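Protein sequence lines correspond, in order, to chains A and B. Numbered according to our numbering, the first sequence spans residues 683 to 1068. Numbered according to our numbering, the second sequence spans residues 683 to 1068.
Do not take every clue at face value.
A pair holds if it fits inside one copy or across any two, identical chains being indistinguishable in the list.
As the list claims (entries may be wrong) - 25 Å max Cα-Cα, derived SDA-like pairs, lysine to any residue:
#1 Lys944 / Val864
#2 Lys948 / Asp986
#3 Lys944 / Leu1034
#4 Lys710 / Arg815
#5 Lys710 / Gly971
#6 Lys710 / Arg697
#7 Lys944 / Arg908
Hints listed in this document are in silico derivations from the structure and should not be mistaken for laboratory results. The model shown is predicted, which means the values in this text are computed figures rather than measured ones.
Number of protein chains: 2
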Amino acid sequence: MTVAGRPMIAPDRYRARLDRAARATADKGFDAVLVAVGPDLRYLTGYEAMPLERLTMLVLAPDPERIALVVPRLEEPAARVGCRPDVRIVTWEESDDPHGLVAGLISGRSVGGPQRLAVSDQLMAMHLLRLQRALPGATFESATLVLRELRMTKDPDEIALLRAAAHAADRVVGQIAAGRLVGRTEADVAREVRERLIAEGHDEAHFAIVGSGPNSASPHHEASDRVIEAGEPIVLDIGGTIGGYSSDTTRTLWVTGGDPAKGPTKEFRHLFGVLRAAQERATRAVRPGVACEAIDAAARDVIDAEGYGQAFFHRTGHGIGLEGHEEPYIIAGNREALAPGMAFSIEPGIYLGGRYGARIEDIVVCGPDGPDVLNESSRELYVVDG
Amino acid sequence: MTVAGRPMIAPDRYRARLDRAARATADKGFDAVLVAVGPDLRYLTGYEAMPLERLTMLVLAPDPERIALVVPRLEEPAARVGCRPDVRIVTWEESDDPHGLVAGLISGRSVGGPQRLAVSDQLMAMHLLRLQRALPGATFESATLVLRELRMTKDPDEIALLRAAAHAADRVVGQIAAGRLVGRTEADVAREVRERLIAEGHDEAHFAIVGSGPNSASPHHEASDRVIEAGEPIVLDIGGTIGGYSSDTTRTLWVTGGDPAKGPTKEFRHLFGVLRAAQERATRAVRPGVACEAIDAAARDVIDAEGYGQAFFHRTGHGIGLEGHEEPYIIAGNREALAPGMAFSIEPGIYLGGRYGARIEDIVVCGPDGPDVLNESSRELYVVDG
Chain A
683 MTVAGRPMIA PDRYRARLDR AARATADKGF DAVLVAVGPD LRYLTGYEAM PLERLTMLVL
743 APDPERIALV VPRLEEPAAR VGCRPDVRIV TWEESDDPHG LVAGLISGRS VGGPQRLAVS
803 DQLMAMHLLR LQRALPGATF ESATLVLREL RMTKDPDEIA LLRAAAHAAD RVVGQIAAGR
863 LVGRTEADVA REVRERLIAE GHDEAHFAIV GSGPNSASPH HEASDRVIEA GEPIVLDIGG
923 TIGGYSSDTT RTLWVTGGDP AKGPTKEFRH LFGVLRAAQE RATRAVRPGV ACEAIDAAAR
983 DVIDAEGYGQ AFFHRTGHGI GLEGHEEPYI IAGNREALAP GMAFSIEPGI YLGGRYGARI
1043 EDIVVCGPDG PDVLNESSRE LYVVDG
Chain B
683 MTVAGRPMIA PDRYRARLDR AARATADKGF DAVLVAVGPD LRYLTGYEAM PLERLTMLVL
743 APDPERIALV VPRLEEPAAR VGCRPDVRIV TWEESDDPHG LVAGLISGRS VGGPQRLAVS
803 DQLMAMHLLR LQRALPGATF ESATLVLREL RMTKDPDEIA LLRAAAHAAD RVVGQIAAGR
863 LVGRTEADVA REVRERLIAE GHDEAHFAIV GSGPNSASPH HEASDRVIEA GEPIVLDIGG
923 TIGGYSSDTT RTLWVTGGDP AKGPTKEFRH LFGVLRAAQE RATRAVRPGV ACEAIDAAAR
983 DVIDAEGYGQ AFFHRTGHGI GLEGHEEPYI IAGNREALAP GMAFSIEPGI YLGGRYGARI
1043 EDIVVCGPDG PDVLNESSRE LYVVDG
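Work out the full structure: start from the sequences and follow the hints.
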């Protein structure tokens, strides 16, 4: 649904998600899923609790009637507003033991045998260790086993938010490519990226990788105090969130400073051409039933065949949604079959250590017949005066 | 130390911190401390790794020679730049098992008996569960047992950063109190707070609680679409980070809209006077050797004596530093004795549910002879036209 021109998750979706998650808890044989503050809680209830040390936890039981949200008393009003479906709220006082409280809500539910519990991947170790002490007989596994199918398959509201975020990031790429770059530090450009992400409608700007010259060969380079020079590439990898959903796009620029003699080297043009072909081939391979590892291989085979295999040393992509990186991972060994609604990045890169590198990244949704590419900015090398 | 007028942690402090942490690991009887991305890693090495799903982990051994930083290969260049002390870096490839790698770095170190390991409170459950599987004989406890004394006691560089952040937040309080409030939504004021926190020098704006009218009675209220009216209070609780160190200050305003008939009620003035006395009494009680629970009691006794005990239902404060909330907690039952360099909030509140409430919060450092109050803005009720 859309409110004031901005996509949002329709409130009635949360009840359906909770019910499906409760069924999945039973189907997978868990006595409860302990949902931590973060993307799992937001997905199931809409509640964005503050990620602080006081325990907030949704106890997801196979019986929907027994679902409870445990919150510190001073956050009870916020939880009542933030939690969209009607869920029982259990509060604890400052001097209570919230982990014992959660344990009490679970025990008695299982009849004989050790309890089998799942916990959110994002749960802090301090809480998991205390829950393990409070429930000494229980086994703990990842809540991903229960929630992955739900969270991986995006509904139309989620796709609309991902698309809005992608388009906003595309506009920022265009603005940065059209502006001054030579003589500025990477950090200064990164600051501008963050400001522009907000100005274009992001709620938060999460990262702005600005890797110039040799730094373009470091995939997770942090923007540094290095001054950008004419005659070198810049890998620009930027993202933030709109309504909780992430943008994440990478484009590669080459700044000439207006000097025709400082254009891309022949080698770089070749490298980029290989990369462009690899990214396109992987994107075209997207359709329901294709394994994630096949998408990775589609990009990697092109790069390998041109002798750059050693220079592409990361996976081809990652799922995206309420987390910047989530399932499905587009990586060798992942036999998960793509299904309509799965959203992920396709972002091969070629990095010649100490010299330079390039990456192209789009967010792609698996449609019923093929790829739905959310980003719309040009994937070519941006040769700019800068 | 200060660079370009801005405080920063002197680089040579990190080596000393690592050495002290290694000694503490041995002294407390641990075979290793597994330090996760987040405040522990930043404290010990200066490295601000991206908080993503790929495992980055400092394996802190009692023998400083055996300390190793495990990082994904694509983040190796960033780790080499970000990690200030000279530490062995061990990289893993996309298809490796990083948890098995960490287990291998630990095992063989302990001779007989189960290994006793400590993990950062912030470690994600997905990593802890995998480490527990990779090290089935080991016991896992909180790294706080090893690192708390180090992190709780701030050095002069840390105090300078906390002070810079406090002063920046103070300026924002003054700007908001001097501006227009009536007729605006809480969310709109919160947006202004975040922008001003950045404009005043914060690297990140983390929160802006704007609780108007009845919302002022909800201590962790999220700024909502409620429109601020004349004749009601606003609890303003704001903070962000400078160089990783947090600001966190609360002031209570009363907006009259310029109408003398809409000033604070007699009851509210009384309530605020009690709160002001409680906050001042707790602050004055700060000195080395005094227990944290005694600071809590100093505030609570004043409020209890006036009959508002039930209306003050949260602890008096929390430690602050690289985390917004950290040890020591100023709470009943915490017998920890204050020591010079400890930094924490003193923030009693009185909340009359459904009607209104108030809170006053300063960041205080325990000095050698008494409190060093970092915030400098007025603690009185801000009666403003708004």
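A quick look at each hint next to the structure:
Taking CA atoms no more than 25 Å apart as the test, Lys944 paired with Val864 passes inside one copy only; the shortest distance there is 12 Å, against 57 Å between copies. Within a single copy, Lys948 and Asp986 get their C-alpha atoms as close as 19 Å, which meets the 25 Å cut-off; across copies the closest is 78 Å, which misses it. For the identical chains of this complex, Lys944 and Leu1034 are intra-copy neighbours only, at 19 Å inside a copy versus 68 Å across copies, given an alpha-carbon limit of 25 Å. For a Cα distance limit of 25 Å, the shortest separation of Lys710 from Arg815 qualifies both inside one copy, at 24 Å, and across copies, at 20 Å.
For a Cα distance limit of 25 Å, the shortest separation of Lys710 from Gly971 inside one copy, 23 Å, qualifies, whereas the shortest one across copies, 53 Å, does not. Within a single copy, Lys710 and Arg697 get their C-alpha atoms as close as 20 Å, which meets the 25 Å cut-off; across copies the closest is 48 Å, which misses it. Taking identical chains as interchangeable, the C-alpha atoms of Lys944 and Arg908 lie at most 25 Å apart only when both belong to the same chain, with a minimum of 19 Å there against 56 Å between chains.
Hint violations for this structure: none, all hints satisfied.
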